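So the sequence lines, in the order shown, correspond to chains C and P.
Just so you know, this note's numbering puts 393 at position 317 of the first sequence, and the rest follows in order with no gaps.
Just so you know, this note's numbering puts 35 at position 30 of the second sequence, and the rest follows in order with no gaps.
Any given hint might turn out to be false.
To be verified - Below are the BS3-like pairs computed for lysine-lysine, each with C-alpha atoms no more than 25 Å apart in a straight line:
hint : chain 1 : residue 1 : chain 2 : residue 2
1    : P       : Lys78     : C       : Lys266
2    : P       : Lys257    : P       : Lys78
3    : C       : Lys202    : P       : Lys212
Unchecked claim - Between beta-carbon pairs, the in silico distance windows are:
hint : chain 1 : residue 1 : chain 2 : residue 2 : range
4    : C       : Ile218    : P       : Ala131    : 52 to 60 Å
5    : C       : Glu141    : P       : Phe215    : 29 to 37 Å
6    : C       : Ile218    : P       : Leu37     : 25 to 33 Å
Derived by calculation from the structure, the hints in this document are not laboratory data.
From a predicted model like this one, the values you see are computed outputs, not experimental measurements.
From the three backbone atoms N, C-alpha and C, an ideal C-beta is built for every residue, glycine too.
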Amino acid sequence: MGTFLKRHRWVGPYALLAPGLLWLLIFYVAPSFQMFVSSFWTGTVEQGYSFSLANWTNYPNNIGEFLPFYVRSIMYALAATVLTFLIAYPLAYTIAFKGGRQKNLLLFLVVAPFFTSFLLRTIAWKIILADDGLLLGPLKAIGIVPVDFRLLATPVAVISGITYSFLPFMTLPIYVALEKIDGRLVEAAKDLYAGPWRPGGAIVGGLIGLALGGLLGVIFDWLWPVTAIFGGVAGALIAVLFISESFVRVTFPLSISGVFAGSLLTFIPAIGDYINAEFLGNPDTNMIGNVIQDKFLTQTDYPSAAALSFTLMFGVLILAFIYARVLGTENVTVGRV
Amino acid sequence: MDVAHVATTTSDRTIAAARRSGGLRRFVDRYLLVGYTALAVIYLLLPVSLVILFSFNNPAGHSNVVWQGFTLKYWLDPLGVDGLPSAIATTLALAFLSTAIATALGTLMALALVRYQFRGRALTNAVIFLPMATPEIIMGASLLTMFVSIGNAPFFPLNFVTILIAHIMFNISYVVVTVRARLSDFPRHLEEAAMDLGANEWTTFWKVTFPLILPGIVAAALLAFSLSIDDFVVTNFTSGQTQTFPLFIYAKNRIGVPVQVNVIGTIIFVVAVGSVAITTLAGRRRR
Chain C
77 MGTFLKRHRW VGPYALLAPG LLWLLIFYVA PSFQMFVSSF WTGTVEQGYS
127 FSLANWTNYP NNIGEFLPFY VRSIMYALAA TVLTFLIAYP LAYTIAFKGG
177 RQKNLLLFLV VAPFFTSFLL RTIAWKIILA DDGLLLGPLK AIGIVPVDFR
227 LLATPVAVIS GITYSFLPFM TLPIYVALEK IDGRLVEAAK DLYAGPWRPG
277 GAIVGGLIGL ALGGLLGVIF DWLWPVTAIF GGVAGALIAV LFISESFVRV
327 TFPLSISGVF AGSLLTFIPA IGDYINAEFL GNPDTNMIGN VIQDKFLTQT
377 DYPSAAALSF TLMFGVLILA FIYARVLGTE NVTVGRV
Chain P
6 MDVAHVATTT SDRTIAAARR SGGLRRFVDR YLLVGYTALA VIYLLLPVSL
56 VILFSFNNPA GHSNVVWQGF TLKYWLDPLG VDGLPSAIAT TLALAFLSTA
106 IATALGTLMA LALVRYQFRG RALTNAVIFL PMATPEIIMG ASLLTMFVSI
156 GNAPFFPLNF VTILIAHIMF NISYVVVTVR ARLSDFPRHL EEAAMDLGAN
206 EWTTFWKVTF PLILPGIVAA ALLAFSLSID DFVVTNFTSG QTQTFPLFIY
256 AKNRIGVPVQ VNVIGTIIFV VAVGSVAITT LAGRRRR
């Protein structure tokens, strides 16, 4: 660092930033624009491309053809986000408040799946969910489940796979938010006679359970009135038996930023995922990612693939913008470890 | 909190708790949450255990999804499948190169963001944040679109260089975020002390700053390495004819994944867990 830098101190940050920032501008920002531009093309690699509005003006046909895939992706990602939340919250709560000396070990176990290959983990779910696999084999043997019942190649398998893949993304931000809570606030609430959550819990818990049960029932393609009633009863019971007023009024509101961060960190990769749908699903469970990958890599129809990806990117950018507005971009410390 | 206050709150709490259904709460606290956590950990680790277990399987045909019997033969011949050794070599080369470059670029950016106030900071943060908030398929697809539209070397046809470019790109943000987290509570007075004692900026950086932020850089590098070694989606879009370990698994999935893949997957798992354990223990001893 010579006298030039001493005389022009303002250069310092830009000199440090330049190489990395340029890399991101050239290989992240520029390709995104290129994708937008390419969506206005028509033609093939061999013949060359010319400008055309066909991919966008043809939207009545395209909506008919591709809307089901977008809707399915949103539904599956939504179901997976709800399920990861239901699984992750009690887990993060236990680690944060009851973890004691095992806290770091437990956190390590939460991220341990990331140390094996993502594809191998998904293939392992095939072993678990197969028609006579680890889960259904014993259940069928003792006759609880009919012999022709299957999970693999159904929406249930795809959504379970996505839920499993992104569970740590939900758990870690919730844990971080819970960990920051000052325990004295909860004690103060208890001192002020915050007791069990009744009768409010029965109503609120029941309604939330009803809504979530119904939603999952619709997405799983099960009898949704049955799942809704089941969810409602379960929600009311859990709320009344296990959830205290101090949790509802103090702990949960203070952890809401973690829930929000975890939901977006789960929903965004889930909506673009296509490995779970390909490995665990059937052609009727294909998500928009499967269509995009097929158009890009098998059909090499780049212009229409670019139009489809740009549409997906636009939706995700809106979510990312909301995230940045609510939580800021400076505080993203939850990477994958 | 003084002792008297603690005493009153505890006794108040005991009375209040006893007045309510204290027994159930204690049951929830003591057994239910612990049992639930145990189940959740089993759920998280079940697929991992199956990957390891099936590296000892002795399947009859191509497909390695039904347990047939124990054997060590694939552990004794972990590279004995056509194309697997070169795929592993490519994956390791990509991981080392992309980690080295992304860690260097990302650390410099983190230093700039923590040390300086400058114009364009919000925009820089946005550019760093976006790749982490973009589904991999979109990053892969847009890079592919750009490489195809450029249409000539070194970007097209797709090759090792295009995968490397992509891996560096998605790793930079994670490095910045990890190193920045460690830098934010950095003891600045140590640098000032070094400068007061006559060290110039260069010496201060290498003798004081760098050793102190080294744990953060190591953590960032480990994260980048693990992201690169396991990446499938972005690699699939930018690879062309080049084969990596995840692409090899994907290609073999239709006809049946060879047992050797589970062996390599297990080795990667053990090495990753081991290196995290070592860095954690080393960090603990330092403090």
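Holds or violated: are the alpha carbons of lysine 257 of chain P and lysine 78 of chain P at most 25 Å from each other? holds (20 Å)
*Do the alpha carbons of lysine 202 of chain C and lysine 212 of chain P lie within 25 Å of each other, as the hint requires?*
violated (52 Å)
Practice task
Take a look at whether the Cβ-Cβ distance between isoleucine 218 of chain C and leucine 37 of chain P falls inside 25 to 33 Å.
Solution key: holds (27 Å)
- request: Please test the hint of 52 to 60 Å on the beta carbon pair from isoleucine 218 of chain C and alanine 131 of chain P.
  value: Given about 56 Å between the Cβ atoms, the range holds.
task = Hint says 29 to 37 Å; check whether the CB-CB distance for glutamate 141 of chain C and phenylalanine 215 of chain P agrees.
result = violated (56 Å)
Has the given pair, lysine 78 of chain P with lysine 266 of chain C, been kept, meaning a C-alpha gap of at most 25 Å?
Not OK: lysine 78 of chain P and lysine 266 of chain C at ~61 Å, beyond 25 Å, violated.
Figure legend: structure checked against the earlier numbered hints; hints not met, in rising order: 1, 3, 5.
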